[in-house]
Amino acid sequence: MSNSLLRVGAVALALVMPGVVLAGGTFDMDRWDEILSDVRERAAAQNISDATINATLKNPAFIPSIVRSDKNQSEFKLTLDQYLKRTVSATRIANGKNMRTKYPTMLSRVEDAYGVPSHVILAFWGLESNYGQYKAAHNLRDAFLTLMYDGRREKFFGEQLLALMKIADKNNLDIATIRGSWAGAMGHFQFIPTTLAQYGVDGNGDGHIDIIGSVGDAMFSAGNYLNKLGWNPNERIVRQVAVPANFDLGLLKGDVKKSLSEWAAMGVTLPDGAPLPTANMTAGLVADTAAIEQKLAAATIEVVDSDTDVQPRRVINAYLTYPNFYRIKKWNNSNWYAIAIATLADELK
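If you count by this note's numbering, then the sequence shown holds residues 867 to 1215, one letter each, in order.
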């Protein structure tokens, strides 16, 4: 398609979809052309086939709703309890158990190959795509081109588009049909293209890697990724604990790590007041500090009776966070997400 037709198509899309915020208030046709030309040059320099390049640049669409999504990401405001209620529901637990029954051989093969237990793979699958029920809405080629035009992270999304083009080349995929989230994640475990390029595995032995259409490829790729992150199947992810109500809340964000004996000396116990297990391990501590501050202000911190205290104790509920917790955060850098994975995984054992 000629540049003039591309320009006309882009302008039409920008005009017929109101509400998009564009630089200078109008669609910049020259910038769009420059982005398309740059993609062509970079792809050719990286030996991507002409067929994939042409498919990528044939009738590209600018999607205003993606720009709005990128600019209007709401600040995370759910409490930890609200987040866990939403992500670790009874339905999601039941569906996860059904998937264990449906794919026992595949899950065992992943565990044998990568040392990641089945219940952990299922937990990631459940949170990322509700076991494949989440249906991607966007053409990824167009999403990446739109986000490159938007400019906030042009380099990052340009890298994702080129990685997607290479994946399409290598696996004989039509790039114009690959769909994902508005931000570029795809498949059962919501990999972005650069992650897929690095950790993708052919799990079903057909010679291709398809994490969208193949559950086997998706599971093996997830297992490989977690293995490369250092997953230790012999260690738990988190442990629920209690800390004194006067505990320093600055230590409850997961970024300070101490030995279990050091935490115990600072008053950290099991929820019932029993001492922490003795183990040569380090861990962080995570709690919902915003919610705790509200409870402290309202004097509603929980009172717990225990056999080890003469008087009831006012305590804060928290989580000891072990090394696997921080490996999860390399997948998704959210304390709430990592706790949800741990909680769902425990339910699916």
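Just so you know, not all the hints are guaranteed correct.
Label pairs and their in silico Cβ distance ranges [as the list claims (entries may be wrong)]:
(1) 896 with 967: 54 to 60 angstroms
(2) 948 with 1137: 33 to 39 angstroms
(3) 1036 with 1161: 52 to 58 angstroms
Calculated lysine-lysine pairs in the PhoX-like style (CA-CA distance at most 20 angstroms, straight line) [claimed, not checked]:
(4) 1032 with 1021
(5) 1094 with 1021
(6) 951 with 963
(7) 1195 with 1124
(8) 1215 with 963
(9) 1161 with 1119
(10) 1032 with 924
(11) 937 with 1032
(12) 1196 with 1094
(13) 943 with 1124
(14) 1123 with 1021
(15) 1123 with 1032
(16) 1215 with 951
(17) 943 with 1123
(18) 1119 with 943
(19) 1195 with 1119
(20) 1215 with 968
(21) 1119 with 1215
Read the hints as simulated data drawn from the structure, not as lab findings.
Here a beta-carbon is modelled for each residue, glycine too, at the ideal position from N, C-alpha and C.
> Given the hint that residue 937 pairs with residue 1032, does the C-alpha gap stay at or below 20 angstroms?
Replying inline: At roughly 28 angstroms apart (the allowed maximum being 20 angstroms), residue 1032 and residue 937 break the hint.
> When you check the alpha-carbon spacing of residue 1195 and residue 1119, does it fall within 20 angstroms?
Replying inline: Between residue 1195 and residue 1119 the Cα gap is close to 13 angstroms, so the pair holds against 20 angstroms.
>> Does the beta carbon distance between residue 896 and residue 967 stay inside 54 to 60 angstroms, or does it fall outside?
In response: Cβ of residue 896 to Cβ of residue 967: about 57 angstroms, so the range 54 to 60 angstroms holds.
> Quick one, are residue 1119 and residue 1215 close enough, alpha carbons at most 20 angstroms?
Replying inline: Outside the cut-off at roughly 27 angstroms; violated.
> Does residue 963 lie within 20 angstroms of residue 951 when you go C-alpha to C-alpha?
Replying inline: Distance ~18 angstroms between residue 951 and residue 963 Cα, so the pair holds.
> Within a Cα-Cα threshold of 20 angstroms, do residue 1123 and residue 1032 meet the stated pairing?
Replying inline: It is violated: about 40 angstroms lies between the C-alpha atoms, which goes past 20 angstroms.
> Within 20 angstroms, alpha carbon to alpha carbon, are residue 1215 and residue 951?
Replying inline: Given pair residue 1215, residue 951 holds - Cα atoms ~19 angstroms apart, limit 20 angstroms.
> Quick one, are residue 1161 and residue 1119 close enough, alpha carbons at most 20 angstroms?
Replying inline: 17 angstroms, holds
>> Checking one constraint from the list: CA of residue 1196 to CA of residue 1094, max 20 angstroms. Satisfied?
In response: 11 angstroms, holds
>> residue 1195 and residue 1124 were given as a pair; does the straight-line alpha-carbon distance stay at or below 20 angstroms?
In response: Holds, at about 18 angstroms.
> residue 948 and residue 1137, beta-carbon distance inside 33 to 39 angstroms?
Replying inline: 20 angstroms Cβ-Cβ, so the 33 to 39 angstroms window is violated.
> Is the straight-line distance between the alpha-carbon of residue 1094 and that of residue 1021 20 angstroms or less?
Replying inline: With Cα atoms ~25 angstroms apart, residue 1094 and residue 1021 exceed 20 angstroms; violated.
Hints 2, 5, 11, 13, 14, 15, 17 and 21, counting from the list given before, are not met by this structure.
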